[in-house]
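Asks: Start from the sequences, fold in the hints, and give me the full structure.
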Amino acid sequence: MSKAKPPPTYESPFQSELDEATFATAAEERVSVATQWQLMWWRFRKHRLAMISAFVIIAFYLVALFADFLAYADPHKTEAFRSLIAPQPIHFFDEGRFSPHVFALVGKRDPRTFKRVYEPDPTQKVALRFFAEGYAYKFLGLFKTNRHLIGVEDGNAEELIFLLGTDQLGRDLWSRMMVACRLSLMIGLAGVALSLVLGVLLGGISGLYGGAIDTLIQRLIEILRSIPTIPLWMGLAAAMPRDWGVVQVYFAITVILSLIGWTDLARVVRGRFLALREEDFVLAAELAGVGQMRIILRHMAPSFLSHIIAATTLALPNMIISETALSFLGLGLRPPAVSWGVLLQDAQNIQTVAISPWLLSAAIPVVIVILAFNFLGDGLRDAADPYG
Amino acid sequence: MLAYAIRRFLLALLTIWAISVLAFAIIQLPPGDYVTAYIAQLASSGVDVTPEFAENLRQQYGLDSPVWVQYLKWMEQISRGNFGRSLEWRAPVLDMIGDRLWLTMAVSLSAVLFTWALALPIGIYSAVRQYSIADYIFTFIGFIGLAVPSFLLALILMYVGFRYFGANIGGLFSPEYQLADWSPGKVWDLIKHLPLPAIILGMAGAAQLIRIMRANLLDELRKPYVITARAKGMSEFRLILKYPVRAALNPFVSTLGYLFPFIISGSIIVALVLSLPTIGPLLLRALVSQDMFLAGTIVLFLGIMTVIGTFISDILLMWIDPRIRFERRE
Amino acid sequence: MANREINGEGQPPVLTVNNLKTHFFTDEGTVKAVDGASFSAPAGKTVGIVGESGCGKSVTALSILRIVQKPGRIVDGEIILRRADDAEPVDLAKLDAEGGAIRAIRGGEIALVFQEPMTSFSPHYTIGNQIVETIRLHQDVGKAEARNRTIELLRMVGIPRPERRIDEYPFELSGGLRQRVMIAMALSCNPKILIADEPTTALDVTTQAQILDLLREIQARTQMSVIIITHDMGVIAEMADDVIVMYLGRVVESGPVDEIFHRAKHPYTQALLRSIPSIFAAPRSKLPTIAGSIPHPHNRPAGCPFHPRCAERMMGKCDVHIPRLRPVSRRQMASCFLYHEPDEAPIT
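Going down the list, the sequences are from chains A, B and C. To convert a position in the first sequence, counted from 1, into this note's numbering, add 541. For the second sequence, position 330 matches number 311 in this note's numbering, and the numbering has no gaps at all. To convert a position in the third sequence, counted from 1, into this note's numbering, add 307.
No false leads were mixed into what you were given.
Now the stretches of chain C that chain B is said to cover, found in silico as 3 or more residues with beta-carbon under 8 Å:
id, stretch
1, 362 to 375
2, 412 to 418
3, 439 to 446
Label pairs and their in silico Cβ distance ranges:
id, chain 1, residue 1, chain 2, residue 2, range
4, A, Leu846, B, Leu(-6), 37 to 43 Å
5, B, Leu199, A, Phe671, 48 to 54 Å
6, B, Pro205, A, Gln889, 53 to 59 Å
7, C, Ser582, B, Leu297, 53 to 59 Å
8, C, Leu645, A, Leu846, 55 to 61 Å
Hints listed in this document are in silico derivations from the structure and should not be mistaken for laboratory results. Virtual Cβ for every residue (Gly too), placed ideally from N, Cα, C.
Replies: If you want it as structure tokens, here you go:
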């Protein structure tokens, strides 16, 4: 910037009005005119793991959206014959040509145990078709269709493809995993949304009014946080009437999860409120006679919105873990609902898992999603303080 | 200092009260009442139930009175040491809980110890040698520990143990001690079985604490008093342990209050996977079979245990931070 | 303390810094915080290092003690410490920064007083604990003995009721008292050299004067060499015997305090002096400032670092060649082409 560039003309070198920006670099200039959100975006972009995680999470939610399309077998169709079939690899090339196929499975009886076992037969190739017909479903809940991303010629994918194997009741795990994304990911969102309302409301009141109300809410938070959550959830979940339908149970679980989940958010909101109240620009606005509501919405909210977004992102994985844990115990979502926790229920018995380890496969999306949300939340939290 | 301790103590009492209300709610929530269920159960097992006996029970639990009276009556029974009877096991609730509570405590405490023993040195190392290869490795392991819920970790370890070592790694006792009375041999056997559940339970907490410790210590290492200490000519090792680590320890200790409930929570579900003879599996059974007095009492006890743990950590924090002792808490 | 002989004018200085270069290697580029600083500190005298913030004053102090933090590192130069008369002088720049030799010097022979008395003490230990620790690090004394000495030191720096104060925590003391404690700690091992880095900046004016008086009084008593680092010409005028003016990591002028104040040669020094508020100035007149601001450390100007802000720059000379520190009078040195010609090919 200052490289051999002729200096601006001025009479006295010690005049104070000399433009400071002459000596500022271009980058500094860019920073000084950028909006807060631009700064946050620049900062977030540097956080490579967080960027990757954001894409992973978007991908997961897309899967949830198009779950039925990505599945190929009816996730609820049971068939005793197909119990516990091992995963089957896809072969993409056939004699050098691109032609995705799987080997057909041939059922045999084990001569000693008389159990039915399946073995792939390399001579029988089942060709995979794209956009093939399969079971009927409503695409995005809008119109009926039976097209799926993959399938087989005659639409009988249930009997021929087992990408991730089957469970004890002979249901296709791949298809169930796809469909499970829906409930598992949505319950996180719904639970966090509810906690957010509670957290912002109570945290905001606490930070805004202070005094006795603040003390009361803070004690409430401390009490809630020192209660072990899982036994409490278990108790509340177990108290749900047995005859409730999937939707009712779903909402009840959401409420139960957010009853405790709001405390973290409330702490963040309160903390920001207290910190901002001391800021000079808030004082300046107050002295200028700006109304309280306007101060909160126009002056304070923009500076803690980012923190709330970050805290919310970090709260999501806890919700997902909790749902998975409750469902795993059989106290959360119950079949016929399909979630990752419900899928993992099949893996409770270690003997079964030892023989059919693919039953654990639902653990993989759980771990990936939790990791992604954590990285994303970290990235957002770092970016939330663009001037820091 | 005393005022602080008293405040914490009162808060602990308040928390215990809140937990008792929640436990009572859990007992009350399912449809039907305890006495009807109990009498039905007695009748089904061929015991002749007189109407007076039934009426007596109703009176005892105040079933005809408003809910808050029922709560008070329940508290009154508890204060006399009567926690009700387990419907399913046909035994006083207290007998059912007995050993399992102590084992839960043993598992949880060893998990807390493991968490600390792991998180403290690794957190310090990661901060002092920021961006070293080991720091990256620990950060990565930390994230895995954070992302794998404890019960999944337990499942995976069980699978690995079963599949590759042919051993059932669950349980807290060897078969020969399972039903034996307590003896030094049995205690030793227990100690030998504790590390695995402790590691599984402690992983997530340790991962979190490592991150907290690392972040805190990085902040502290930049403070001027570290330079002052360096300018005195102290050796780097002594200096870091005496000054910044000491300062970073405060937020670290204050997380203990949340670590404890977290680990107790986790122990419930991990116990199920690892088939530990702790209180977790019993609670689940009680809840599934709507054995509500048993379930409510367990929730109450777990809550009280947690509150005591949290209280101890508060006192520890007070002892460690002079600013609290001088009532200068921000 | 008493047996340390008073060095006269002709004796070699206790500390000589030659062409010191301390650079910080950051991701964005190399920051040359100190880039060829040279000066010396005679025994029993006070050297003042003055300059705007960011000119490398503090890094110079940290470099002498070898406690520059990563990614900073001394890349060149020597720091010669002359110990007892017969002992070999040591080059601190060559010592292992973590080694025992430099640790014995830190706090022992060279002590440091910081700007921030608030944060320079750990809030977790009593002040007594932190001073006793320093004493016992360098001297083989027992706990009780060290404690007695600490009380003596606290009394010496003017802390009332030292036997009670010793067990107090830093946050229980006022800023002025804390700075006294800081000085007591620095003096605890009878250092030969005391480096005071902005010792009064964080204090209010009356406390400032008291602390400066204290430093002068102690120096008179112990005959130690004091290096005082400040941006405040007032402090320099009051304290220093010799003055070093630094700009962007380089010494631009040096000389006895009288010469600097009355016959400043370098345009930067002249500008600095002009920006001191004076009670003789016309009321409501604008205080002159130095035009522009210190360039961003990654964008150091070529040639003389001061030329973009200099009123008397000569284009083609000042923006191409780097001036060297040269004598401009019998006791004064300046690095400016107003007083000497560039003697070599342009260096960047």
